[in-house]
Amino acid sequence: MIVRTISHDWNDSGILVEVPSKSICLIFVWMIATAQVFSARAQSTQTPPATGQPAPQTSAPVTQQTPPAPAQPAPEPAAPPQKTLALVILDPAHGGADLGARGSSGLSESDVVLSYARLVRISLEAQGLRVILTRQANDDPSFDDRSKVANAQRGAVFITLHVSSTGQPGTVRVYSLPQMTVAQGAPAAPRGGLLPWDRAQFKFIDQSRRLAELIQIQMAQRFRGSSETPFEAPVRQLRTVGAPAVAIEVSSVSVPDRAPLDQMGPGLADAVARAVAAFRTVYESGGK
Amino acid sequence: MSKGLKTTIVILAAMVALGLITLPGLREAVQRLHNTPKTEEQARREVMQEPISTPTDVEVRAQLYWLATGSPPSLEPTVIQLPLSADPVERSKQLLNALIARAPAPEKRTLPAEASLLAFYIQPNGTAIADFSDEISSSMPSGILSEQLAVQSIAQTLGANVSGIRQLKILVHGQEAETLAGHLDLYGLFPVPSLAPAAAPPSAVPAAVPAAAPPKTPVAAGTAQMKPSGSAPTATPPAPGKPASH
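Chains as they are written, first to last, in the working numbering: chain U, 1 to 288; chain S, 1001 to 1246.
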């Protein structure tokens, strides 16, 4: 937007000149920012304050480098960062050209799980949790792209949603990765702070197992015939997730029409939300 | 009767006779066109599924693992009479071909009927490598449950009848595949349970009789029954090296 303003410095005669208001704002912002940077640099290069004088509050790096004056109380050690669970990554499996399991009536796993994910999202958000879906529409991110969504976050859990082509209709199974035996020569646990991408789940197997237990109990209460205890299977999607991660599989797309599967949606969403809320307590207390 | 009419009748008669002669050939040609042409995979399967026979073949009671009836889905051993080789590689091929081709009923099947075993190796460290045709993926009922049952049926059938196999790697058409049919991870090695009994003497046991022992192998079961052997792959793919045999 162009505005009219009077330039008193450059033109005493009061000629109206056209100056873009956005540019003026940007110049001011830049000048203020530059002034602050120079001010901070000047203070950081000053001699440490004499004994008894208060340390400048704006010179945090110096405070870390220079021991505090004896007259000042020693700073309290920083408390360890609190482990909080605030985010759930929901993964509607398959999508795009990959329809997943297909029923004779034309039902496809990729469609059903997307509708489940939307319902679960609403229930989780009602619990005060933030939710990210790995896909919002009929596209098909790779396994690693889906894992990447979780691995870029802290304090997240990952739930991948599936519908099988077999199993007793109306039942739900929750899977976590089994304890994997490591072949000779490979380190049993990653050293240092880095996790190998292709084994990112190794560190979280106990937590994932606990999350699976909590979800499976909720499923057993809502869907007759479902087990009360969870399952273990080497599900590909879970292996590269560096966070507590489970797979939920509903049976099945073999039903003659979609209605029974749609009826399971609200119960499924409520079960997941309650279980994740319960897991949040376990997670934040540092338990497994 | 005029000469022209006679000529016409003769020509017509000749044409009818010609039609009658060529009719069967035409019908065969139409039938051939109706049949879909064989794919490369089908042709390969026909070659590979030639019955494997070795000089050391002996009729034995083999335990093969197919789906149990009832719920929750699980595997159960079924005893059938099979001529099995003394050579572990040939023996394994015979077993896996039977696992695909001789399911007692369609609902008990764990592997697609269209699938075939393309190759089988055993490395000196006890790692078996089973290479299946594409149909093991494309015709497999999709789902964590069905794919896990399929791998377990292979691992447990080998474990029950072939000694010395400790773990299993599954390839699809000669390649490492990411999953079996979209869910189950084929990255690592699947442990093979050592269930092989002492060599049973040949006997007149009727085919496809469920074995008394061991009991059903739970797959879709609870915590106490979790970790079904053969379900959890190890983390590291097989070490590269020459197969012990082919």
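Among the hints, a few may not be true.
[To be verified] To give a feel for the contact side, a few chain S residues facing chain U, derived at Cβ under 8 Å:
| id | residue |
| --- | --- |
| 1 | Leu1020 |
| 2 | Pro1024 |
| 3 | Gln1081 |
| 4 | Asp1185 |
[Stated by the list, open to error] Pulled from the structure, derived: some chain S residues nowhere near chain U, Cβ distances all over 12 Å:
| id | residue |
| --- | --- |
| 5 | Ile1009 |
| 6 | Val1089 |
| 7 | Ala1177 |
| 8 | Ala1181 |
| 9 | Leu1186 |
Keep in mind that the hints were calculated from the coordinates and are not lab data.
Since the structure is predicted, the reported quantities are computational estimates derived from the model, not experimental observations.
We put the CB at the ideal spot given by N, CA and C, even for glycine.
Results of checking the hints against the structure:
With its C-beta approaching chain U no nearer than about 45 Å, leucine 1020(S) sits outside the 8 Å limit, and its interface hint is violated. Checking proline 1024(S) against chain U: minimum C-beta separation of about 39 Å lies over 8 Å; hint violated. A distance limit of 8 Å between C-beta atoms decides the matter here; for glutamine 1081(S) the minimum to chain U is near 29 Å, and the interface restraint is violated. Because the closest C-beta pair between aspartate 1185(S) and chain U is about 4 Å apart, less than 8 Å, the hint holds.
For isoleucine 1009(S), the non-interface assignment is confirmed: its Cβ lies about 59 Å from the closest Cβ of chain U, beyond the 12 Å cut-off. The beta carbon of valine 1089(S) is kept farther than 12 Å from every beta carbon of chain U, the shortest such distance being approximately 22 Å. Distance check for alanine 1177(S) against chain U: the nearest CB is about 10 Å away, which does not clear 12 Å, and the non-interface claim fails. In this structure alanine 1181(S) is not separated from chain U by more than 12 Å, as the shortest Cβ-Cβ distance comes to only about 9 Å.
Leucine 1186(S), annotated as away from the interface, has a beta carbon of chain U within 12 Å; the closest lies near 8 Å.
The structure fails to meet hints 1, 2, 3, 7, 8, 9 from the earlier list, while all remaining hints are met.
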